[in-house]
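Here is how the chains run, residue by residue.
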Amino acid sequence: MADLAQPQSVPGHQGHEGETRRDFLILTAGAIGAVGVAAAIWPFIDSLNPARDTLALSTTEVDLAPLQVGQRLTVSWRGKPVFIDHRTPEEIKAAQEVDVSSLRDPEADAKRVKKSDWLVIVGVCTHLGCIPLGNKTGDDRGAFGGWFCPCHGSVYDTSGRIRQGPAPLNLVVPPYEFTSDAAIKIG
Amino acid sequence: MALPTHTVPSPPSTSSRLIRWIDYRLPIVSFVEHELTAYPTPRNLNYWWNFGSLAGIILVIMIVSGVVLAMHYTPHAELAFDSVERIMRDVNYGWLLRYIHMNGASMFFLIVYIHLFRGLYYGSYKYPRELLWILGVVILLLMMATAFMGYVLPWGQMSYWAATVITNLFSAIPVVGQKIVTLLWGGFTVGNPTLNRFFSLHYLLPFVIVAVVGLHLLALHQHGSNNPLGIDRRGPQDSIPFHPYYTIKDMFGLCVFLIVFAIFVFYIPNYAGHPDNYIPANPMVTPNHIVPEWYFLPYYAILRSVPNKLLGVILMFGAVLILFLVPWLDTSRVRSARYRPIYRLVSWLLPIDAVILGWVGSQPPAGVVVTIGQLATLYYFLHFLVLMPLIGKLERPRPLPISIGEAVLGPSAAPRAGN
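As given, the protein sequences belong to chains P and R, one line each in that order. Residue numbers for the first sequence follow my numbering, beginning at 1 and rising by one. Residue numbers for the second sequence follow my numbering, beginning at 1 and rising by one.
The set of hints was computed from the structure by calculation and includes no laboratory data. Please read these numbers as outputs of a predicted model, since none were measured by experiment. It is possible that part of the hints are untrue.
Here are the simulated DSS-like pairs of lysine-lysine, each with C-alpha atoms no more than 27 Å apart in a straight line [said to hold, decoys possible]:
{"id": "1", "chain 1": "P", "residue 1": "80", "chain 2": "R", "residue 2": "393"}
{"id": "2", "chain 1": "P", "residue 1": "136", "chain 2": "P", "residue 2": "93"}
{"id": "3", "chain 1": "R", "residue 1": "393", "chain 2": "P", "residue 2": "185"}
{"id": "4", "chain 1": "P", "residue 1": "80", "chain 2": "P", "residue 2": "114"}
{"id": "5", "chain 1": "R", "residue 1": "393", "chain 2": "P", "residue 2": "111"}
{"id": "6", "chain 1": "P", "residue 1": "115", "chain 2": "P", "residue 2": "93"}
{"id": "7", "chain 1": "P", "residue 1": "185", "chain 2": "P", "residue 2": "80"}
{"id": "8", "chain 1": "P", "residue 1": "115", "chain 2": "P", "residue 2": "185"}
{"id": "9", "chain 1": "P", "residue 1": "111", "chain 2": "P", "residue 2": "93"}
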């Protein structure tokens with residue numbers, strides 16, 4: 001029975017020590033199983049994403065005619081506040097004269113507006129999602145005359161760009177278009 | 001809570017044939033005897049050791065009050081606030097149930113923070129109890145998630161903006177951050193889908209906590225409780241049975257705790273709350289000064305102390321996750337701070353630092369508050385990452401007693417050779 005101690009050519013035993021057809025089957029079956037489980041988990045995760053009716057709430061139309069120079073308006077778009085600012089010449093000048101390279105999130109004012117009189121931004125602080133102050137008369141507008149977030153002290157300028165505080169990015173410009181000289185459609 | 005082995009366990013110490021019949025097939029009676037009544041426990045546990053069982057009891061109180069509240073609560077953005085007001089005004093004893101649940105959350109954290117500090121002071125996380133400690137930190141994390149989601153359910157202004165700020169923490173993750181936040185919300189802002197899933201998870205997670213508490217106890221009973229001396233039990237003279245000695249001690253502690261709890265529930269039920277949460281949620285207006293519940297204030301202060309968003313979020317989560325590493329950050333082999341002259345003093349700096357951070361978190365972030373917050377944040381991490389490893393190496397511990405029995409009862413109770 002000495003031959004029992006010798007490596008034998010058992011069916012399925014090929015190549016290196018310990019590599020058998022059974023190992024191969026276990027590994028492939030395991031891999032296919034893992035892919036299957038991952039595929040089965042996906043519907044559960046994706047069900048948490050916005051549903052179709054939520055996605056359907058898409059556009060908001062705003063009449064700008066009643067808004068005087070210097071006035072600010074808040075409208076709701078997709079459940080978020082959108083700030084519309086009919087900027088004064090001083091505010092426009094202040095926004096345009098900043099050295100863009102000195103900003104945390106460098107962006108020229110011209111790229112953030114379609115008409116320099118009108119600034120349209122999503123009024124959600126890019127830090128942790130609070131609504132900044134500054135859109136109502138009497139609000140604290142912060143050191144740059146734009147908006148000031150009371151939660152953690154982020155300060156935005158008259159172009160809605162981040163100037164001080166913990167927020168990493170400028171206030172977001174939503175997709176919008178002028179449907180006439182005095183009306184816009186957001187979304 | 002050692003599981004029954006393959007051998008038949010010792011029969012229960014009863015003469016009742018019925019109980020013996022049951023126990024032979026379903027060993028619950030011998031299990032209770034083994035793990036609760038006769039369970040050998042160090043004879044020198046002090047009142048700091050009450051907080052483990054207290055935490056278990058308040059968990060049961062939270063689940064019972066929560067299950068009944070869920071029978072009256074409506075998880076819908078339009079109806080949630082009013083359904084909570086209905087619980088307060090119209091449901092029989094609804095005010096009591098809600099105040100128990102509300103203040104119970106605060107009590108739960110208070111108890112668990114004391115329990116955690118007990119572990120830190122007496123070195124309960126050291127060999128062979130590292131996994132016991134880690135399971136405890138897992139429970140703490142689950143509690144935090146549960147408490148946060150529960151706070152959102154009344155759908156007041158603080159609920160809404162707490163949900164907004166906390167979920168936005170995940171937007172700090174590079175590249176996929178915003179996608180994750182949208183996934184968490186089920187929309188483009190915190191809204192009805194968010195409220196629904198938070199309610200579902202708020203109901204689920206306590207039962208996950210119960211399961212992890214089971215593992216925590218399984219790990220605890222493997223090697224038994226640590227004790228104020230931090231030395232192992234060496235013989236029967238070092239132990240006493242859990243019942244009646246510690247059942248009565250825990251009952252006494254429970255009575256004291258219930259008095260404190262009742263004072264909050266009946267006399268100052270909104271002391272830990274915030275008046276803004278009695279204003280219905282308004283997605284268009286953020287309250288001027290938003291603060292989390294008191295038990296999250298230290299972490300909130302850490303978040304605000306860092307001027308960089310991503311780093312702030314990392315440090316805030318790191319402040320909790322660092323607890324996982326404590327068994328390996330502490331390099332001293334002596335468990336109890338009683339025999340560690342330097343660590344004994346330094347260990348108190350951590351709760352003091354946490355209280356300072358808590359105060360900072362409650363203040364508007366301006367002026368000297370910011371500086372204090374940054375210093376206290378620095379100390380927090382210094383304590384774990386520098387002081388703990390360093391003191392363990394440098395300090396000369398005092399000599400340990402030979403045995404618990406000797407230290408408690410005098411030299412006559414020292415273990416004798418061949419005992």
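Residue 393(R) paired with residue 185(P) [C-alpha distance capped at 27 Å]:
violated (67 Å)
Quick one, are residue 111(P) and residue 93(P) close enough, alpha carbons at most 27 Å?
With a Cα-Cα distance of about 15 Å, the restraint between residue 111(P) and residue 93(P) holds, given a limit of 27 Å.
Is residue 80(P) within 27 Å of residue 114(P), Cα to Cα?
This hinted pair holds, its Cα atoms lying about 21 Å apart.
Compare the distance between the alpha carbons of residue 115(P) and residue 93(P) with 27 Å, and conclude whether the hinted pair is satisfied.
holds (14 Å)
For the pair supplied as a hint, residue 185(P) and residue 80(P), is the alpha-carbon distance within the 27 Å limit?
OK: residue 185(P) and residue 80(P) at ~15 Å, within 27 Å.
Does residue 93(P) sit within 27 Å of residue 136(P), going by the straight-line distance between their CA atoms?
holds (22 Å)
Pair hint residue 80(P) and residue 393(R), alpha-carbon separation not exceeding 27 Å:
violated (55 Å)
Within 27 Å, alpha carbon to alpha carbon, are residue 115(P) and residue 185(P)?
holds (14 Å)
Take the C-alpha atoms of residue 393(R) and residue 111(P), compute the straight-line distance between them, and say whether it is at most 27 Å.
violated (59 Å)
Checked against the numbered hints given earlier, the structure breaks hints 1, 3 and 5 and satisfies all the rest.
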